[in-house]
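Dock chain to chain to rebuild the complex, using the hints, since each chain is given by itself in its own frame.
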Amino acid sequence: MKQTPELDRIQRKMQPGVLTLKGFLGHDDRKLADIIDADRQTMLAMHLDVAQIVAKLQDLAERGVDLMEQEVLVDNRYLIRVRDDRGKIASPWGDGLFEKGDVDLVDQKTGKTLKWNRLTLRLIQKHDFFGGYGSEYRIDPESVREILDLEPVADEPQV
Amino acid sequence: MTSIITAVLVLSALSGILTLLLLIAEFFFANYGECTIDVNKGEKSFKVEGGANLLMTLASQKLFLPSGCGGRGSCGTCKCRVLEGAGPLLPTEMPYLSDEEKTSNVRLSCQVKVRNDIRIEVPEELLSIKEFETVIESITDFTHDIKGLRFKLPEGTTIRFKAGQFANLFSRPYDDVKEETSRAYSISSAPSDNKALELVIRYVPNGMVTTYVFNHLKAGDKARLIGPFGEFFLRDSDREIICIAGGSGLAPIRSIILDMIDRGISNRKATFFFGAVSQRDLYYVDEFKAIEKAHPWFRFVPALSKDDSDHPYENGLITDVVARNYDSMNELEAYLCGSPGMIGACCKVLISKGMPEDRIYFDKFS
Numbered sequence: 059m060k061q062t063p064e065l066d067r068i069q070r071k072m073q074p075g076v077l078t079l080k081g082f083l084g085h086d087d088r089k090l091a092d093i094i095d096a097d098r099q100t101m102l103a104m105h106l107d108v109a110q111i112v113a114k115l116q117d118l119a120e121r122g123v124d125l126m127e128q129e130v131l132v133d134n135r136y137l138i139r140v141r142d143d144r145g146k147i148a149s150p151w152g153d154g155l156f157e158k159g160d161v162d163l164v165d166q167k168t169g170k171t172l173k174w175n176r177l178t179l180r181l182i183q184k185h186d187f188f189g190g191y192g193s194e195y196r197i198d199p200e201s202v203r204e205i206l207d208l209e210p211v212a213d214e215p216q217v
Numbered sequence: 005m006t007s008i009i010t011a012v013l014v015l016s017a018l019s020g021i022l023t024l025l026l027l028i029a030e031f032f033f034a035n036y037g038e039c040t041i042d043v044n045k046g047e048k049s050f051k052v053e054g055g056a057n058l059l060m061t062l063a064s065q066k067l068f069l070p071s072g073c074g075g076r077g078s079c080g081t082c083k084c085r086v087l088e089g090a091g092p093l094l095p096t097e098m099p100y101l102s103d104e105e106k107t108s109n110v111r112l113s114c115q116v117k118v119r120n121d122i123r124i125e126v127p128e129e130l131l132s133i134k135e136f137e138t139v140i141e142s143i144t145d146f147t148h149d150i151k152g153l154r155f156k157l158p159e160g161t162t163i164r165f166k167a168g169q170f171a172n173l174f175s176r177p178y179d180d181v182k183e184e185t186s187r188a189y190s191i192s193s194a195p196s197d198n199k200a201l202e203l204v205i206r207y208v209p210n211g212m213v214t215t216y217v218f219n220h221l222k223a224g225d226k227a228r229l230i231g232p233f234g235e236f237f238l239r240d241s242d243r244e245i246i247c248i249a250g251g252s253g254l255a256p257i258r259s260i261i262l263d264m265i266d267r268g269i270s271n272r273k274a275t276f277f278f279g280a281v282s283q284r285d286l287y288y289v290d291e292f293k294a295i296e297k298a299h300p301w302f303r304f305v306p307a308l309s310k311d312d313s314d315h316p317y318e319n320g321l322i323t324d325v326v327a328r329n330y331d332s333m334n335e336l337e338a339y340l341c342g343s344p345g346m347i348g349a350c351c352k353v354l355i356s357k358g359m360p361e362d363r364i365y366f367d368k369f370s
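Residue numbers (my numbering), protein chains in the order written: chain A, 59 to 217; chain B, 5 to 370.
In case anyone wonders, no lab produced these hints; they're calculated from the structure.
Yeah, the Cβ is synthetic: ideal placement off N, Cα and C, and Gly gets one too.
It is possible that part of the hints are untrue.
[Unchecked claim] Straight-line alpha carbon distances no greater than 25 Å define the calculated DSS-like cross-link-like pairs of lysine-lysine that follow:
1. K151(B) / K83(B)
2. K182(B) / K89(A)
3. K80(A) / K182(B)
[To be verified] Have a look at the derived ranges for each label pair, beta carbon to beta carbon:
4. T161(B) / V132(A): 31 to 41 Å
5. T62(A) / H220(B): 31 to 41 Å
6. Y178(B) / E129(A): 30 to 40 Å
7. K310(B) / Q166(A): 11 to 21 Å
8. P99(B) / E194(A): 35 to 45 Å
9. V132(A) / R284(B): 22 to 32 Å
10. Y178(B) / A113(A): 30 to 40 Å
11. M59(A) / L94(B): 18 to 28 Å
12. D290(B) / E194(A): 31 to 41 Å
13. N134(A) / I355(B): 31 to 41 Å
14. M59(A) / N198(B): 54 to 64 Å
15. R176(B) / D153(A): 26 to 36 Å
16. E235(B) / Q166(A): 43 to 53 Å
17. N134(A) / N198(B): 36 to 46 Å
[As the list claims (entries may be wrong)] Pulled a few chain A residues facing chain B out of the computed Cβ check, cut under 8 Å:
18. L79
19. G145
20. L155
Only chain B is shown next, with the shape it has when bound in the complex (with noise of 0.2 Å):
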């Protein structure tokens, strides 16, 4: 009996002096000291302490990469090329590359721990993104399922956006949800209304954010936002336009619509046509009709799919309201922004009546 207790005894003892030794070794051998990560071949640089992620570590410089699951590893957004000083590719990234980022020395920043100086690229535009910590001027009931935020930034700053971009919005802990968590949202307000950012958002069922947002958050509450990012925004022509939206998918193109009016753009022609399912779904309805009377360069069609009650809008599903207000799409250019099935069944129509595919733009932030 004493010689097992000597023995568990004398176990434990070494146990928590390899423990220990492991401590010391990490506090000496995993201290990475100042580290210098290279941006765009010198565009910037930052001197940081070494031994957290990429991901962390650029955001604490005020350099923010997409990343839709706040750097856990799971979403695969936060990518960048890490020319020099990033190790080997690891396991947790290889699911998300294609063999050809993993070529060109593409890494999920989130998945790279800063252990020397590193080299990175990313694109251009990142390097104006910016957060902001805001405070939620007001929060507006649309419909049964979708409310408008409009976030005041701080006093004194502003934002320089293209119309049709997004924005990521983070939730606090709360319930069950242990961090951070943010998503991305299309911005609805136009360009020139800098000192504010609005957003429409649809509640997702189990959606971490969207119940956060329905749930807990409130007017005068603080909000960190991040943005802008995003390639969907109007392009230089002369070309005919048509918007096509649904459900929350309507804020990019407002913004766009707004912009054009700010911007003198009347010499194109644009067609919202908003898809919706029975009247309840619609919302900012007065404000385009407002616009429509003031511009005859813009006509707004509501559609309703299922309403059998009595309304002045097009009845049938959008993709069918669409097609029977063209012939030919030949010379027009397209802005979806919706669903993914929405959009999928919007571009089948829109090829179908003509329509270059590479003249129709969708926002891709999903």
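Bound conformation, chain A alone (with noise of 0.2 Å):
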């Protein structure tokens, strides 16, 4: 993948103090496309597809919203919280606002914590961005693929 003009573009909006106060891309200097590209690279090595980390996503999320931000322990292993607050996001690629709001997960089997909120994943479904290294927010796919218990897919992964 090559970083274009518009990759360099996006990747201004991904600075801190930019679009959010600390930013998408953590302690990471490397160029957006190597940061996409890497990470395709993972997926791609353990047969996982994103589509199946969104929806996984999605449904812990939907198992702690209306509670109003209390804890609820899923599946007997992860504890969520579901944060939810007025206002929305912008995509730093320009195709959306999502709502604000974050999701903690502490999985209570490895001890690892995930974060996330809509425009997470619509970053990861839509451009394979999960995230700078140093992130609060970055969903590491071989972390996470530990976390859910996902199986590698059967057919040719879609990254």
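What follows is the structure, encoded as structure tokens:
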């Protein structure tokens, strides 16, 4: 994947203080194209599909909504809290506005944590962007496979 | 070797000359001169210097369109109809416009450059929106993550708003945030208290403006506000009302109740259900209890969803508490303010109890 001027423009919007306080890249100083490419390769190597990850995270989030931000234990394993904020957050790709509100997950089996919101899932689903290293919203493909017990897809994965 | 150096020098000189020519061309051809912006078929007309985007140009003339991102083309809220002079629709606008909006000349004002005379159409109420350079009179910690701010308007200035409306608060550049940023917050004070404005703000982790408010703003500081905005206000009717709020959603409900008292509206029963997790999330309880005591038409029902301590409030999720307080809601109307999740859950309960959807009001500034 080539770092086009368009990706340069998107990467500028991902910097801290532009669309969000901390940005989307953490301490990752790679080009956006390289970040996306590396995670695509990891997904391919693990035979995982972005749709698997997004569907599972959406399902977990839905089981925590309507609880007025109370923690809930899901599947006797995941401690989930869905924070519900007013307002919307813009996609750095300029393809929409997404309701704020983070989902915090603690996997009681591994002790690992995940944090995501509607925009995080959109960026994974549409742009194969899982977040930069060090970003608290990074959904690291290897970690998420372990946390969610994801099985490799039989067919060629769609990344 | 000499020929390589000569070639590099010639190329550099040519690049320099081309750059200079481009700068000269921009100076002469990109000077759009004076342009006229006609608003709502002659209701207002501005003579402006061309070259800036429509959103900022209108703001410079004190006509403020709502904007959540400060003109960065990423929120899609600064829409207006441009009847003439906007040029072709840009790719940066496409994701934010529906097909219907595209065909009816709706544009993102932050993306439209003022290059010539322009005719626009904006909702009438936007013409009364004003900008206020205020001073923070006080900041009160209501709960662990909610603050109340009182903004004093400049001497001799007043604001007219409907109870329930909201204002945009601007943060100044700080830390990594290099540009002024604004967010919408409901007004919690009464319209009669028109020399000041009160807002209730809940901290949003990583929120650009709430971080500014919680970590940087202090009493005595200056702050810029624009408003009022919004279609959330008490409708004229004789119906009993039910208000439901959570967190900072209490703000517009407080304004509505205080306004009902000021206007002497005592023929409508009003019940305010305020949902919180535990006692540490409650605020303004004493004030609402005092109102309840003084005004028989008003009832205040705080509800705690997870508090095992001994307390005098209702227990359970706010939706359950509302549901068990009414058999039927056919004749009521509802005012909701809170997170999208809370509003969604409450709508389900209200509709299941017979309340018509068109009598459920909530602010849509999110």
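Hints, verified against the model:
In summary, the hint linking K151(B) to K83(B) is not supported, as the alpha carbons are separated by about 31 Å, beyond the 25 Å threshold. With a C-alpha separation of about 22 Å, the suggested pair K182(B) and K89(A) falls inside the 25 Å cut-off, and the hint holds. Between K80(A) and K182(B) the CA atoms are separated by roughly 13 Å; this keeps the pair inside 25 Å, and the hint holds. About 52 Å separates the C-beta atoms of T161(B) and V132(A), a value inconsistent with the hinted range of 31 to 41 Å.
Under the hint 31 to 41 Å, the C-beta atoms of T62(A) and H220(B), about 37 Å apart, fit the expected range. At roughly 32 Å, the beta carbons of Y178(B) and E129(A) sit within the given window of 30 to 40 Å. The supplied range of 11 to 21 Å is met by K310(B) and Q166(A), whose beta-carbon atoms lie about 20 Å from each other. For P99(B) and E194(A), the hinted distance range of 35 to 45 Å is not satisfied, since their beta carbons lie about 27 Å from each other.
Taking 22 to 32 Å as the suggested C-beta distance range, the pair V132(A) and R284(B) conforms, at roughly 26 Å. Range check, Y178(B) to A113(A): Cβ separation about 39 Å, and the 30 to 40 Å hint holds. A hinted range of 18 to 28 Å for the beta carbons of M59(A) and L94(B) is consistent with their spacing of about 26 Å. Checked against the given bound of 31 to 41 Å, the beta carbons of D290(B) and E194(A), roughly 38 Å apart, stay inside it.
Our hint of 31 to 41 Å for N134(A) and I355(B) holds, since their Cβ atoms are close to 33 Å apart. Judged by the Cβ atoms, the range 54 to 64 Å given for M59(A) and N198(B) holds: they are separated by roughly 57 Å. Evaluation of the 26 to 36 Å hint for R176(B) and D153(A) yields a pass: the beta carbon distance comes to about 30 Å. Against the hinted window of 43 to 53 Å, the Cβ-Cβ separation of E235(B) and Q166(A) comes to about 45 Å, which satisfies the hint.
Judged by the Cβ atoms, the range 36 to 46 Å given for N134(A) and N198(B) is violated: they are separated by roughly 56 Å. Satisfaction of the interface hint for L79(A) is found here, the shortest Cβ-Cβ separation to chain B being roughly 4 Å, below the 8 Å cut-off. Because the beta carbon of G145(A) sits about 5 Å from the nearest beta carbon in chain B, less than 8 Å, this interface hint is met. The beta carbon of L155(A) comes within 6 Å of a beta carbon in chain B, closer than 8 Å, and the hint placing it at the interface holds.
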